[in-house]
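Spelled out from the first residue to the last, the chains are:
Protein chains: 2
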Amino acid sequence: MTTTTPPQTTDRQTDSFAYRPIEPLDAESLAQLDGWWRAANYLSVGQIYLLDNPLLRRPLTREDIKPRLLGHWGTTPGLNFIYAHLNRVIRERSVSTIFITGPGHGGPGMVANAYLDGTYTELHPRIDRDEEGLRQLFRQFSFPGGIPSHAAPETPGSIHEGGELGYALSHAYGAAFDNPDLLVAAVIGDGEAETGPLATSWHSNKFLDPLSDGVVLPILHLNGYKIANPTVLARIPEEELLQLMRGYGHTPHLVSGGFDGEDPAEVHRRLAETLDTVLNQIAEIKAAAAAGTLDGRPAWPMIILRTPKGWTCPKEIDGHPAEDNWRSHQVPLASARDTPEHLAVLEDWLRSYRPDELFDKSGAPRAVATALAPDGDLRMSANPVANGGILKRDLVLPDFRGFAVDVPAPGATVDEATRVLGQWLAEVVRENPRNFRIFGPDETASNRLGAVLEVTDKQWNAEYLPTDEHLARRGRVVEMLSEHQCQGWLEGYLLTGRHGIFNTYEAFVHIVDSMLNQHAKWLKVSKAIPWRRPIASLNYLLSSHVWRQDHNGLSHQDPGFIDHVVNKKAEVVRVYLPFDTNTLLSAYDHCLRSVDYVNVVVAGKQPTFNWLTMDQAIAHMTRGLGIFDWAGTEVEGTEPDVVLACAGDVPTLEVLAAASILREHIPDLKVRVVNVADLMRLVSEGEHPHGLTDREYDSIFTKDRPVIFAYHGYPWLIHRLTYRRTGHPHLHVRGYKEEGTTTTPFDMVMLNDMDRYHLVIDVLDRVPGLGERYAGFRQRMQDARLEARAYTREHGEDIPAVADWTWTAESELDAREVNVGVGQVNTGTAATGGDNEA
Amino acid sequence: MTTTTPPQTTDRQTDSFAYRPIEPLDAESLAQLDGWWRAANYLSVGQIYLLDNPLLRRPLTREDIKPRLLGHWGTTPGLNFIYAHLNRVIRERSVSTIFITGPGHGGPGMVANAYLDGTYTELHPRIDRDEEGLRQLFRQFSFPGGIPSHAAPETPGSIHEGGELGYALSHAYGAAFDNPDLLVAAVIGDGEAETGPLATSWHSNKFLDPLSDGVVLPILHLNGYKIANPTVLARIPEEELLQLMRGYGHTPHLVSGGFDGEDPAEVHRRLAETLDTVLNQIAEIKAAAAAGTLDGRPAWPMIILRTPKGWTCPKEIDGHPAEDNWRSHQVPLASARDTPEHLAVLEDWLRSYRPDELFDKSGAPRAVATALAPDGDLRMSANPVANGGILKRDLVLPDFRGFAVDVPAPGATVDEATRVLGQWLAEVVRENPRNFRIFGPDETASNRLGAVLEVTDKQWNAEYLPTDEHLARRGRVVEMLSEHQCQGWLEGYLLTGRHGIFNTYEAFVHIVDSMLNQHAKWLKVSKAIPWRRPIASLNYLLSSHVWRQDHNGLSHQDPGFIDHVVNKKAEVVRVYLPFDTNTLLSAYDHCLRSVDYVNVVVAGKQPTFNWLTMDQAIAHMTRGLGIFDWAGTEVEGTEPDVVLACAGDVPTLEVLAAASILREHIPDLKVRVVNVADLMRLVSEGEHPHGLTDREYDSIFTKDRPVIFAYHGYPWLIHRLTYRRTGHPHLHVRGYKEEGTTTTPFDMVMLNDMDRYHLVIDVLDRVPGLGERYAGFRQRMQDARLEARAYTREHGEDIPAVADWTWTAESELDAREVNVGVGQVNTGTAATGGDNEA
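Protein sequence lines, in the order shown, are assigned to chains A and B. All the letters of the first sequence, read from the start, carry residue numbers 3 to 840 under our numbering. All the letters of the second sequence, read from the start, carry residue numbers 3 to 840 under our numbering.
Hints listed in this document are in silico derivations from the structure and should not be mistaken for laboratory results. Mixed in with the good hints there might be a few duds.
Put simply, identical chains are the same to the list, so a pair is met inside one copy or across any two.
DSS-like mimics (lysine-lysine), calculated; alpha carbons at most 27 angstroms apart, straight line [to be verified]:
1. Lys570 with Lys739
2. Lys739 with Lys571
3. Lys529 with Lys570
4. Lys529 with Lys739
The structure displayed is predicted, hence computed values, not measured ones.
When you get a sec, could you build the whole thing from the sequences and use the hints?
Pasting the structure below:
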């Protein structure tokens with residue numbers, strides 16, 4: 003679909019964002035805001051400090067205080083303030099809203115709000131709405147066997163792990179895509195705002211479609227301090243900050259207050275008026291979008307809220323400022339248990355919220371504390387969008403078998419695996435127009451998934467030029483040159499019940515290592531929480547790998563992402579190395595059907611021999627590994643002399659080429675060829691759900707025969723996965739090492755001793771007696787390597803013996819008369835626009 | 003040093019940035035700019051396409067074209083344009099300038115410029131200034147055995163690897179720190195500008211001191227397109243872009259031109275005038291800083307240069323736009339070798355630069371092409387700042403032995419290792435006031451290095467408040483909540499010849515995994531380039547690790563950074579796990595003396611027993627591992643029954659506790675206790691320079707006795723490092739696994755089966771016959787674990803048997819009367835402000 007002008011999108015009306023005349027905050031609303039806020043603050047402080055005496059029905063004693071104080075007060079009152087105000091507008095406007103807690107370390111606040119609106123008790127009946135419930139609520143926080151101090155899967159309403167900072171806005175936009183009636187309120191702390199990922203995620207607004215997507219309301223919360231420093235954005239002139247926000251494409255609204263003892267009621271009034279104004283602006287934008295009268299990208303409103311760090315805590319402690327200072331970042335009265343004066347200060351602090359007004363005799367919160375709670379699913383803690391598994395619908399998946407490539411014999415045809423995958427994905431897009439997206443850092447075309455652009459566009463809401471292609475206000479493909487953004491958007495999309503793919507270069511995916519950590523942790527913990535429903539897996543498609551530096555001029559990094567992923571909990575990670583078109587189709591169909599995993603699929607995009615028919619591919623991918631009996635020279639009923647194993651597309655090619663050389667030159671050698679496409683099959687049964695039993699493993703790899711294993715990544719990973727296996731001492735792995743400079747594919751495999759000739763030499767050296775018996779042949783293999791290298795140095799491309807090699811031809815070292823070859827691939831098209839690499 | 007108002011810094015005058023009246027560009031200068039630019043463009047196109055016929059002395063033929071075309075044309079003419087203009091002002095003003103090539107994939111341009119100014123031939127005499135030299139220059143580019151397609155260590159004048167994008171500005175500011183007379187011209191591509199790290203790095207200007215630091219001139223180069231998409235910043239309204247830059251704190255200057263066939267001479271005139279204006283603004287700021295009249299943070303100028311992508315290439319190819327389109331991103335005429343029409347277009351394109359005017363008969367560039375080259379070291383390709391090893395001066399290191407803590411007996415005293423390290427670092431700062439910096443993401447105080455703030459401040463050039471502490475316009479500590487920025491700044495600082503530390507939480511250091519890749523690659527490649535001089539090592543101090551979730555409420559990630567680092571080339575990585583104060587001091591002294599490494603030091607910051615005297619610590623760290631004979635129960639002349647090994651502070655504590663239990667309860671069991679502090683010692687000799695010989699390894703770990711190894715990180719790393727060792731089948735590793743929720747230290751080690759009781763059980767189970775003989779004792783160990791866990795669930799802190807355990811006391815399971823204990827540490831101070839965690 004080529005569009006030179008953006009289409010008018012007018013097929014959807016929404017009335018969730020209706021305009022309302024703004025009235026000054028009335029006394030009742032003010033009382034409700036104040037009541038909720040005081041209650042949430044009280045519950046937050048209680049969680050941080052109290053083991054017992056939750057309602058202060060008796061004077062506070064040392065024994066009431068937790069021995070290990072842990073939690074973050076500083077950001078919490080601001081979060082509670084915002085939460086209360088959002089409740090008010092949700093009640094007035096019935097707008098479905100979720101709350102993204104950028105400062106996720108404000109965990110006590112989020113728990114407190116979920117408790118006040120009733121969700122917490124519904125999901126955790128043990129935490130009842132009485133004094134004992136409060137005691138449990140307080141005690142469990144940051145306590146052995148309890149809940150983390152940060153927002154986490156355990157926190158109702160959260161889709162956001164409160165560990166690493168930086169992804170609040172990416173997650174928010176991911177949640178908003180294709181949720182046209184949803185408001186995503188995203189609080190960004192001024193600490194988080196300093197991170198790189200957050201700093202670029204403001205530009206997400208250049209991708210959102212005002213009509214078919216929801217609304218993100220960023221609330222930049224300036225409380226001025228991090229752990230031990232002021233924050234940058236709180237210390238630039240206000241006009242500069244406003245310009246920054248306008249430069250990011252927003253209409254900023256500044257609310258500041260609570261300083262120097264200002265009555266919070268004044269701040270309530272100001273924020274309420276601002277929020278009403280902002281929601282009316284949103285309503286206007288939404289209405290214009292619905293009417294088709296929106297002129298370009300709207301300058302969506304955002305709020306800058308400046309309040310004191312640790313607001314409402316003691317102004318000073320031991321002569322140092324506490325409120326409005328970095329000292330209130332975590333636990334302002336750290337020695338409350340051991341210092342009687344501090345204990346007294348803590349008691350005063352707690353009583354300043356007037357708990358007797360907030361909770362009745364039984365300990366249940368009174369109406370003054372809870373009146374702002376919206377109804378049912380409108381409660382932000384109960385919104386099903388924030389427990390996306392509830393809303394998830396399976397994808398309608400077209401039969402991938404229909405996209406099979408013809409494989410009359412192994413290696414008889416050549417395809418670009420990802421290009422064919424793209425054709426299937428195009429159908430997936432067509433069948434699932436509202437809940438499936440493909441994210442990528444400007445590499446979707448380069449990764450040869452271009453077929454999807456025949457059925458959809460790349461979503462884009464910045465300026466257009468007449469020469470633009472495949473850009474539109476709506477599209478299933480979303481591309482920005484930020485791996486952080488792509489992964490963050492996808493995470494937000496998945497966590498709210500949809501499906502998607504992140505396609506990126508393997509070579510740079512380490513950029514999101516820490517994001518993978520956070521998401522894998524979320525999945526791991528969620529699996530143990532009954533009310534968290536399974537979400538679609540996070541699917542990586544990693545192309546442009548290190549074995550093809552010929553296409554990127556040695557700029558690429560390493561294949562170590564797999565190592566990083568394998569460190570995660572076995573239940574949540576899967577690694578697939580399909581090696582041709584049909585295996586890639588089969589693998590990806592599986593991935594898109596799965597839930598709660600991180601699926602890493604590494605697949606080259608260059609033309610590659612097709613080795614398996616679709617039936618064979620399905621069988622192979624179902625087993626996850628298997629013997630290529632068509633490639634080996636085994637004799638039935640006997641053990642092979644040697645096993646040639648491979649995992650990955652380039653290793654598979656080289657192993658098959660080595661096998662063909664051996665078949666020709668040492669025909670009586672019993673060679674078994676094994677391919678591993680599901681890496682987790684190598685692990686012992688007890689350590690990974692996909693692990694082979696030892697018996698199965700031995701039946702494939704033998705107990706005592708040499709195994710020469712050509713692997714896509716760092717060789718030691720294979721050792722690590724197999725070190726408990728009986729045959730491990732006989733395993734020799736060739737793989738990627740950090741070596742020098744080259745630019746032809748065969749150069750690269752030679753550099754890593756993983757080329758066909760070296761694999762043959764490995765076999766000669768590992769099978770007892772063979773090296774001596776075939777000393778001359780061994781020398782010819784050495785010579786072949788030298789000749790191949792000299793050729794590339796002279797000609798800049800692979801030697802024909804390699805470039806033109808095919809499986810079906812009789813393998814000769816100097817075979818020159820074959821027609822189909824991929825050893826050196828695609829010179830003609832490698833550098834055309836759409837296939838370019840960065 | 004506490005400062006509530008920033009000090010006036012007036013002790014340095016600089017005249018490199020002098021004001022000059024602006025005159026219109028004269029004809030001669032214009033001709034020089036045009037000549038340089040045409041020549042650089044010609045040389046760039048030649049590198050991408052030509053194997054031969056470098057001066058087009060005969061018609062271009064198929065054989066003159068490389069068979070594999072690789073390189074990036076799109077960004078190159080813009081880089082060449084900027085380079086030429088900077089040459090002009092460098093010549094006029096004699097300002098020492100380096101060039102940061104954000105779009106590092108514009109490698110052909112950077113090589114071309116270095117060739118024109120003569121540096122290339124000086125460093126690579128093979129690439130002479132004649133026709134054969136040109137032939138070699140063209141041929142080597144992206145050719146097997148040649149140079150990469152991107153800016154790289156091989157590129158003179160570069161400090162910037164052109165692989166992953168995002169760090170141009172961080173590197174630029176790192177280079178500018180403490181180089182008051184230096185101008186760092188940093189070109190930021192509009193692709194790179196979309197990355198997170200780049201988006202936040204604009205805020206670096208809130209840290210730079212206008213007087214004692216150099217000047218960064220950001221040049222945002224908008225050529226409009228990435229691989230296959232427009233760029234965000236090129237597609238927002240100009241006023242919005244200007245606001246963004248003002249919001250980032252800059253004074254933007256926009257130069258746009260070259261579109262729709264505009265004569266480049268016009269663009270030359272506009273950029274020249276702008277550059278003169280900008281340099282005069284810089285001169286004014288510098289003068290005001292020198293005079294002490296600068297009012298707050300200056301709004302440093304920056305340039306937005308908007309020119310067509312692929313400027314000067316064919317306007318259209320095959321009916322598609324090429325110039326000013328994403329199609330010119332990489333190789334616009336990809337099939338020039340095989341398509342005669344394309345070959346003709348290429349020849350026309352090359353001839354459009356009029357090579358006969360630019361090169362003389364011999365092939366040497368004529369004056370018209372080179373007249374703009376500055377003299378000697380003022381050439382940007384030759385500036386020694388960009389080959390920092392030349393300028394590097396060894397640090398003056400105070401004797402760390404003077405900071406030794408007293409250790410009358412193993413475990414008799416307790417210290418926070420990083421706090422003592424901070425005292426030594428304070429002296430390092432004092433002795434090296436101009437070439438040593440400590441970078442951190444707001445964690446320097448939290449990591450207990452606060453002593454450095456007694457001798458220096460945290461550099462800060464945003465607004466101040468009276469309550470601020472330790473902030474000043476100048477300071478050796480630089481903190482921003484962005485690991486990307488911290489590492490990027492440090493890299494820039496090291497690459498320009500200085501020294502430093504990056505202190506951060508181990509738990510989040512995965513954020514910079516890919517940056518580590520880039521820097522390790524730089525070091526690896528630089529080692530093989532004779533003219534690249536060694537630079538100071540990149541030193542990580544990783545604290546706040548996963549074993550102390552008690553201090554961060556389970557927000558922390560994993561210990562896998564070590565695994566990632568160990569994947570890098572052995573020559574450039576070192577991993578140290580000091581386990582107490584004296585070993586940390588010894589390790590860090592070594593790191594600060596080393597060059598060309600990435601040193602990863604993991605060190606807990608919580609109070610820990612001191613195990614070794616300084617003499618013992620030095621001996622141990624020099625060996626890198628060793629037997630704690632004071633802790634074992636070996637009998638001289640016999641092999642031990644079991645080896646208890648440890649690496650890391652918490653594992654060392656647990657292993658020693660296990661050893662004490664065994665000593666008491668099974669006194670006749672011959673236990674050897676081994677500590678590994680330099681992880682690379684485990685590797686085989688041939689694989690890492692630090693690797694033990696097999697003989698040494700066997701003498702420590704034995705060939706056949708069970709080894710129970712308690713390791714700080716993921717257990718399989720130890721297997722991977724040792725899998726070639728004879729005794730490997732007898733090695734049993736306990737380490738970090740991805741498990742559930744807890745918050746006391748002992749809970750955490752129990753969860754991972756690495757606690758003392760479980761280690762004892764491991765010994766009972768692994769030493770033949772022992773488990774049966776001590777079945778009752780084994781059960782008591784099991785019970786002790788259950789009791790310990792139940793205690794934490796009830797009390798929220800570790801059981802006294804663990805919390806109060808000491809090495810010197812007789813170890814009893816229920817010992818309750820000891821005074822010094824760190825099993826549960828520091829409850830009182832854990833949560834005070836300065837030690838807080840995020």
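Going through the hints against the structure:
| no. | hint | in the structure |
| --- | --- | --- |
| 1 | Lys570 with Lys739 | both (23 angstroms within a copy, 8 angstroms between copies) |
| 2 | Lys739 with Lys571 | both (26 angstroms within a copy, 8 angstroms between copies) |
| 3 | Lys529 with Lys570 | within (14 angstroms within a copy, 34 angstroms between copies) |
| 4 | Lys529 with Lys739 | between (36 angstroms within a copy, 17 angstroms between copies) |
The structure meets every hint from the earlier list without exception.
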